[in-house]
Structures are given as structure tokens and as C-alpha cells.
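There are 2 protein chains.
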Amino acid sequence: MYRSETCGELRIADVGREVKLAGWVQRVRKMGGMTFVDLRDRYGLTQLVFNVENDAALTEAANHLGREWVVQVTGKVAERTSKNPNMPTGDIEIIVDSLRVLNASEVPPFTIEDDTDGGDDLRMRFRYLDLRRNAVRKNLELRHRMTMEVRRYLDSKGFLEIETPMLVGSTPEGARDFVVPSRMNPGQFYALPQSPQTLKQLLMVSGMDRYFQIVKCFRDEDLRADRQPEFTQIDCEMSFVEQEDVISTFEGMAKHLFKELRGVELTEPFLRMSWAYAMKYYGSDKPDLRFDMRFVELMDVLKGHGFSVFDNAQYIGGICAKGAAGYTRKQLDALTEYVKRPQIGAKGMVYARVEADGTVKSSVDKFYSQETLQELRKAMNAEPGDLILILSGDDTMKTRKQLCELRLEMGRQLGLRDKNKFACLWVVDFPMFEWSEEEGRLMAMHHPFTHPKDEDIPLLDTDPAAVRADAYDMVVNGVEVGGGSIRIHDSALQAKMFEILGFTPEKAQEQFGFLMNAFKYGAPPHGGLAYGLDRWVSLFAGLDSIRDCIAFPKNNSGRDVMLDAPAALDDKQLDELNLKIDIRESEKH
Amino acid sequence: MYRSETCGELRIADVGREVKLAGWVQRVRKMGGMTFVDLRDRYGLTQLVFNVENDAALTEAANHLGREWVVQVTGKVAERTSKNPNMPTGDIEIIVDSLRVLNASEVPPFTIEDDTDGGDDLRMRFRYLDLRRNAVRKNLELRHRMTMEVRRYLDSKGFLEIETPMLVGSTPEGARDFVVPSRMNPGQFYALPQSPQTLKQLLMVSGMDRYFQIVKCFRDEDLRADRQPEFTQIDCEMSFVEQEDVISTFEGMAKHLFKELRGVELTEPFLRMSWAYAMKYYGSDKPDLRFDMRFVELMDVLKGHGFSVFDNAQYIGGICAKGAAGYTRKQLDALTEYVKRPQIGAKGMVYARVEADGTVKSSVDKFYSQETLQELRKAMNAEPGDLILILSGDDTMKTRKQLCELRLEMGRQLGLRDKNKFACLWVVDFPMFEWSEEEGRLMAMHHPFTHPKDEDIPLLDTDPAAVRADAYDMVVNGVEVGGGSIRIHDSALQAKMFEILGFTPEKAQEQFGFLMNAFKYGAPPHGGLAYGLDRWVSLFAGLDSIRDCIAFPKNNSGRDVMLDAPAALDDKQLDELNLKIDIRESEKH
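For the protein sequence lines, the chains are A and B, in the order given.
Numbering (this note's numbering) for the first sequence: 1 to 589.
Numbering (this note's numbering) for the second sequence: 1 to 589.
Here chain A stands alone, though its shape is the one from the complex:
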């Protein structure tokens, strides 16, 4: 061992001991004949002292150390004259008597500090240096603790962690698969799993009863800010359960994690909210409930007063921003620009301030009497000093989603989205299907294995779009951290589901025959849930993106810029795989 202790553990009680430390040079300070070196490792920082009067050559050597050099020292622990109460080791320092350079370092391309001078691209290219920073390392430590706690909890509840294969079959339903050519089966491909959904259902058929897995999943999607082509799921499934059983098991797990990892005791049951309610009052199936600011529908109040935008609208809705009447014209214009951005797509925004005397001044005063505006105020439950913001449109759902974005932005501007406050809820009663304009057919909102609500099963024949599912999402602070459903365990019902989704019986058999056949041999009722580990960790870590809780993430083009992957293959490799590259002209660059 190159050390007798780490750089984080020496204390005043150790004074007088001979120790051996190893680590990285964080900083070298020369003060007169003294040289101070901060030595760093994962566990902390320890101050080393060299004194020219004790050993001139050794001190000279210390003066030549550079940032990030790796050194080993021996010396005696001494009490500091000026203690540093901000450092756990701040009471002591090491009077060094020998110094060995284990490895020199070139000057790193950015500083290894919490606030680094490295830009995103540089940090990713030198990710192994970026990970030396406390700010990043502690996210990985949190991730480790989180997976330990998840396993401890689920093990204590009788769940078995069972590894499912990574090389599976491709199932074009859902997102795009990553595929893997098989050399031994020429012309054929494996797929990497988008999730172990069907495999965990087979494990239920096999009587495993309670399964979980913390597992890599893969989706070949065009990447958005907070997506990675590979991501990690806490994947769970249980037999002989109803929705209530799954929810209570995993609400218990969530509370356990909050307590162990954040010290937050959540004693109340999580709120349950139907999907329809969430869409109506928050315009989202993952409402951020750290603040209220619920939607109020204003069709009755504002329609029919000659303001054609509202008069022609299918939906008019408002939110009340408490205490924001002081917003300037400039701020309001910026908000209008915000909702008009193509990503949001609103046509405009109407606002109304409630003055100190109770009168309402709006951006559409010429169309509305003070009387109507007072009705508006009453509907919005607005008080003097409040600001009312209103959107309208000819598509109710789209307008609600726009209003949702506005609500979230106002919450942000008003400081209502505190990262240290957590609002958890279950969104339930999701629709079974949603209409896809692109595909011209109904698509499964969760996936084709979701069980419809028993009472809605007759609607499958008459009005499938109205069928609700035994599906549930857990939402924390506006983030969907997990979701699941009770599954179909009956092969006839599963076949009907595929039919509604536009599969021919042959196609269904070809793609999901293994599952429907399995259901013929005694499949138990079952259901489950999958949590997104990356999202959970970033939520607990207070990160804006999942990237910094992943050791080696990919960029928005799916590249690992450190490894420079993906890359071209040798011709020999392509030959062995029976493949030829055939890049379409449009793709060439």
C-alpha cells in the first residue's frame, strides 16, 4: 500500500503519528522559507508542510511540484497554528520528511476546482480530469449510494435481481432499436433492449414472483437535452398484485430513498391525480406541484365580448402569479416572446394586473369592461398585487401544454421551484391509447402490454380511444421518475390489443409470439414499474441535466468525445459480419 491513511481522515487525535500519504497536488504555496502543499484524494485534502530550515533540498523539491502531480510523502502529523475550520482535516498538517513523485502531470487543460474554467466540450474530452472535481465526483458517490439503497430495500421485500440478456430480438414497436450484427448467423441481427419489459413478464410467467434489475437500456432516438442513447433503469415486476400493491411498494421505496439519501422524511401518502385532472389543471402528465398556480378555464368569462382571438378560441385558460403585478412591460413582453417560441408555439399572451385598489388593468382593456375584468379576477381568485396570464387557442390540449410551459417559467422566475423541496405524486388512470398523426393509427400510450381498466374493457370494441389503463407514473418536481402498469396476462386479451394497434395476427405472432405463447402456460396476474435511475440521481443531486451523474456520458450526437466513439471499422471486421456500408448521398458530409 502506498499510504497508511487517505487524505481525508487525519484529525487532531493523530498529532504526533508518523504517516504515509499519497495523492494529487492541488496547490503549492511558498511563504518565505515554508512551502505548503494541499494533497488531494477522493476522501479529502491534507496540508503538507516543507520548511527550508529543516531540509532545504526537500523544500526545493516541493517547490517544483506542479498541479495534479501524484506524490507520496511520509511525515509526522502536527497541530496547525492557524486552523481551517472549513476542512475536516483543518486542525492538522503533515511535517514532511520524505517526498516521492509517483507520476508527474502536464498542466491540465482546465482547473480541478468546483468552479472550473473548463467549457463543456473540454470537460467531456478530458472527462477523467473533470471527474476529479468534487462537484462531479459527489454525483457518482450519490449514484452508488442510491443503487445500494435500492438493492437493500428491494432485497428486504423479497425481490430477486435477475439479469436479462442484452442481446435480444428487435421489436420495431416503440422507439428505434440499436442493433448488433451476428457473425455466427449471417445477415441476422440482435437488438439491444429498450427495456427488459417482455423478459421481466416472462420471469413472472416463470414464477419468479418478485423481480428487479438495475439495468442498461438503449434507445436510438435523436437526442434531446436530457436523453442519452444508453440509460439505466431500476426495473421491477411483481406477481399476484393489483395496482394498489405496486404503488404502495414503490412509494415505500421512494420514501426510503428520500430518507436515506436526502434526509427528507415523507410521512404523508403521495397525492394521486388522474391523468385527466393533471392535463386539465396543469397541462401536463407530470405536473410540478412545488407550487400551485393551477389553470382556470375562462371561456365563460372572456368569450363573446368582441375580442376575436378569444371569441374564436376552443380554449381560454389563465394562471394567477401571486404578487407579480409589478412585472414591467419589458418582462411581460419577454414572457410573450417566451410562449411564442416555436418549441411552445402560442400565438400570443394576454395579461391582467390587479392594482392595489382592486381594479384590474389588462392588455385587452378595450374589449372588456371593468365589470368583466372583476369577474375574471374572481374566477382567478386574484388579489391586489397579483398578475393574471392568459393563453387561448383552437386546440384545447395544445393550448394547455403551452400554458403549462408558461406556468413552469413563472414558477422559475418567482423562485417557486426550489431544488431542495420535493413534491411527489402519482398520476393514474392514463388513457390506454393515443392517436398518432404520423402513423395514422392508435398507439399504446405506455406499451402494448398494459392492462386496461376492467370496467373499460367493453369499450375496447366500441370506443378504444376512451379506454383507460391500469397505468401509473410517479412524478417528482415535474419529472417523471418512474412509471408502470398492471400487465395483460391473458393471451386472448393481448391478441386483441395487438389487433387494435393495427398488427395483423401474423405480425403479432412474429414479433410477440414468444410472449403470447408463454401466456398459454399459466401466466399469473402481474404488474410492475421502472424508475429512471439517471433522473432520480440528478433530482437528488439537484442537477439540471442527467449528464453529470453519468461517468462517461455521450454528447447530443451520440458521441463519446473522450473515446472518440463511434468510429469506422476495419474492412476485415465488416467482412466477417457480412456487411457493406452504403451511405446515402444525403448523409454524406
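Careful: at least some of the hints might be erroneous.
Because identical chains cannot be distinguished in the list, a pair is counted as satisfied if it fits within a single copy or across any two copies.
Below, simulated DSS-like cross-link-like pairs (lysine-lysine); rule was C-alpha separation at most 27 angstroms, straight line [said to hold, decoys possible]: (1) K286 with K580; (2) K398 with K340; (3) K303 with K322; (4) K216 with K572; (5) K259 with K138; (6) K30 with K520; (7) K216 with K138.
Keep in mind that the hints were calculated from the coordinates and are not lab data.
Since chain A is already given, all that's left is putting chain B on it; use the hints.
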């Protein structure tokens, strides 16, 4: 919840309670007016009783239940009149008052019993039914407990589990990679990791200090009996350590696992054996030390007596099989055939029995005097009743490997390879390189990142083939369960290693530049080890193959016969990936 308890937990103390159970019908027995049903789940079996006198319709329904139907019952726990001491629930039965069929089952294609009538192929196609068998399920339970214990142990030692990416770059050094075409980067491919070797080294450069991961690895090799294209590794790495530190940490872990999972207390330090010693005395770098039967070199004794086979041999070696002098001519012929099989490749075998009176009778008596044979006996330390088996050849290493196979076979025949006995050792001081006839160059015996022994570093320039490495394998019962090494952390030494391995500086930079560059920024001394999880579990479970400790294994052609993967892709998918299939004529079938 469909049940109030599982099928494994009711005891005599529960008599009189009203319970609700759910599970699979294992067996239905009709005895007069009584019908007995064994209800099964993961946790056990419970006997259900139906009595025509109590409820004729209910009993009639029970009579119609088939094997593997899924049912739910309610009833009262009663004490059995004839108890079954072989079942944990054998003191009680359930007097059923309601029965609900949750799912019927077709007759399964094989019996769900420990000794099933299902052949291998059928079991794999219906793996979800095969997994219902106790014999298979308990392997997965053991695997779960093993990974829990590994994590608990390593967490307690300060290791962080850090996920490394699955989509990495291809590195043709080593085995063949599985690759993944990138749609977003046309013509380029990711590779699936053969192991996270370089990534874990980068984590050491990043100061993570102690890393582990239980992780899927991938090798596109032609499959042998005990290989899978995807397998699971317990991958570990530590900083600021020497070989001794790594060995003691992971020997501690092995002992912990033996104790927790098998109840075996291993108190002595594991034996250490140099690679050279292991090859000389056991003909293997993974000797099975459950029995001795060490090789004795017999050149001095048997050469120069006119037996041309031995006279021309480069190596003559024997083993002494205690008490096996009674082997018949037929048995000895079968052994000769065994070592002459092409997989082993010996030319022949010589034997010698030590008779009760001490005389030695051999298959080559006409060439050797009794005096020489007595010398042989002495050299072999053989006693009356022992059998001496001798192989020779013109290639020392090859002949030793043949003798190793003979030794293992004799150990098996003599019952010396007890699955409940465990002989653990470390093989150390591996050669750094081995000569590849195929490539016509030196290859790294472990991998190119292995640190040479400090005292052998000068030999890198003069006699690289003689250089030994700081590498170590843990061997249990003749199985290499893990291995590792101290790594190079100096970019100049790493560059020299690539040079010896025949890399041009450009090629080394292209493939491993990311690692050599990382070493320039303060890489700490580090080393580690990887255990093969599948092998460990099968060792603990007493399995002959790793297959039955894997939920959904692949067959020898790399196929998942249950999922029917791999399979052809849609043209649309190939198009998006800019690929064309180009099967060489020779591959078509």
C-alpha cells in the same frame, strides 16, 4: 393483493386462520370423495383439500384443474392427519372454501419437476417453464444472493460502483468485438465492451480510488461449451496499491462469499503458486488442487533404455494414481483412447502397476529391468496398489497439458473432485507475453496494460519473452474464477509495451491514445481484478455449465431459441443504418 401469504409460509401455528393463497397447480390427486391439490409458488408448496361432502361443486371444479393452472383459493388452515416431514408446510393443509381460476394452462411440454423429462432444446425454447423448476430457480436465487454479498462487501471497503458505458469504441486487440452501427454517425460503429478495462483505468486516473461494477461483457467468439457471447464480470480496480493489497482484498471477499453462501469457513491464507510451478507440476495455469497427483519428471529414470518413444522424447512425466493398480486392461485402454483424442492429442500412454509384493509390472516391461522400474517406483513415490501413468512427447509444454487432462480424468474417475470441497489458490508470476504462432508475434498473456515485474523491466529490451508480470489469477477447483494485475500507469512504459506487441506508434495512438494521454495528467499506481460471476455462481451451485445460472442463456450458435434472436431486420432499419447485407457465398445455407 391476490394472496394473504405465499405457498411456503403456513405452519402449525397458523391452524384455524382464514387465508388466501395463489399459485400454480403442481398436482391434483383424487382419493375417494377427497381431492388434494399441491399449490406451488416460488416459496414452496401448500396442500389444498376439497371434500365432496362439504361442497360437491367446488370439489368437481378442483378435479378439473390441470397442471400449471394458476388459481386463487380461500380457506381455513387445518392440521394434517398424516403430516409430511419433508415439506416445510407439511404439518398443515387448507380446507378450501372458494376457488378461482386466474389463468388456465395448456399441458406443458415437459414436467415441472427437479428431474424433468424435458430435453435441453425443449427446456431452452420454453425457458420460462424451465425456470419454474426448483433446480433452476434456486441457481438464480443463489446468483442474487451472491451479487448482494459482493456489493455489501465491496461497499464496506470503500468501493464505489460506477457504471461504464456499453457503447464504446472497437479495439481489435484481444477477442472479436460485437459492434453496433450508429445511425447518427453514418458508416461508424460502437463496440460493446469485452470488459471495462480501459474505462476503469481512466476512473483511477480520475481519482475514484476504489471502483467496482457487476457488468455485462461481450465477446464474439466461436462458442465453446462453457462460454456465452454475453457474460457478467465483477470488475474491480484500486489505486495506490501493490499486488499484495489487491490479493488480500479479494481473497477477503472470496472468503466472505464462501462463508455467506456456502457456510464454508476458509481460515488459512490461500496457497500462492507461480505460473512456472503450476505448469511444471500440474500442466495447467489453473490446477485443480482438490487432489495432489503431481507430475514427476522421469527423463533421468526412463531415458536411454532402448525404448525409442522415451529415448526421443523432450519430456517424460508421470502421475501416481493411489490405489488404482486394480484398473483392468479395458479401463487402461479407455484411458489411452482418452488421451489420444484429437482434443488432447497424446500419441500413447505407458502404465505401470505396483503389485502387492512391491514388484512393478508395466506396459513396457520388455525395455526396462525391474531395477529401473523400482527406480521409477521410488521417483513416483508409489506404493503397492498404486498405478503409474506416463506420457511423453517432443514438446514439453504440450505434453504437460496432455498429462494435465489425464490427471483431471483420473481425479474424476477416482472421485477426488468432490463438488462440496473447495481448493482455492492464487497463481502468480505469469509471463508477460506469449508467442502467437498465428500472428507471428508476441501477444500479451493477460492484456497490454499489465505491469511487468519491476525487476524484469530491463529484460523488456533484451529478452521480452522472459519478462514476468505483476499478474495473478484466483483458481478454485481447477476453474479460473478471476484474475487481474497491477497496471502500467506510466505513458512511456505503456508506449514501449505497445511497441513490443508490434503496434506502430500511430496505431497505438489511434487505438489507445485516450489512455496514454490520460496517463500524462497524473495517473496513480493502480491495479485490480475481475471475477467471472457466472463461473463463481456455477461453482457454488455445483453446476457443470454456466448456462443454468443464467436466466436466458444462448445456445452454442449464439441464438436465443426462446426469443428466436438474432433475426433479419426490416429493410427500413437497414436503410436508416446505411447498411447492406453482403453474405459471402461460403456463408450461405
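Hints versus structure:
1. K286 with K580: neither (44 angstroms within a copy, 42 angstroms between copies)
2. K398 with K340: The answer is within: 13 angstroms in one copy meets 27 angstroms, while 78 angstroms across copies does not.
3. K303 with K322: within (24 angstroms within a copy, 102 angstroms between copies)
4. K216 with K572: Intra 29 angstroms, inter 26 angstroms, cutoff 27 angstroms: inter-copy only.
5. K259 with K138: Intra 18 angstroms, inter 33 angstroms, cutoff 27 angstroms: intra-copy only.
6. K30 with K520: between (78 angstroms within a copy, 25 angstroms between copies)
7. K216 with K138: both (21 angstroms within a copy, 25 angstroms between copies)
When held up to the earlier numbered hints, the structure conflicts with hint 1 and nothing else.
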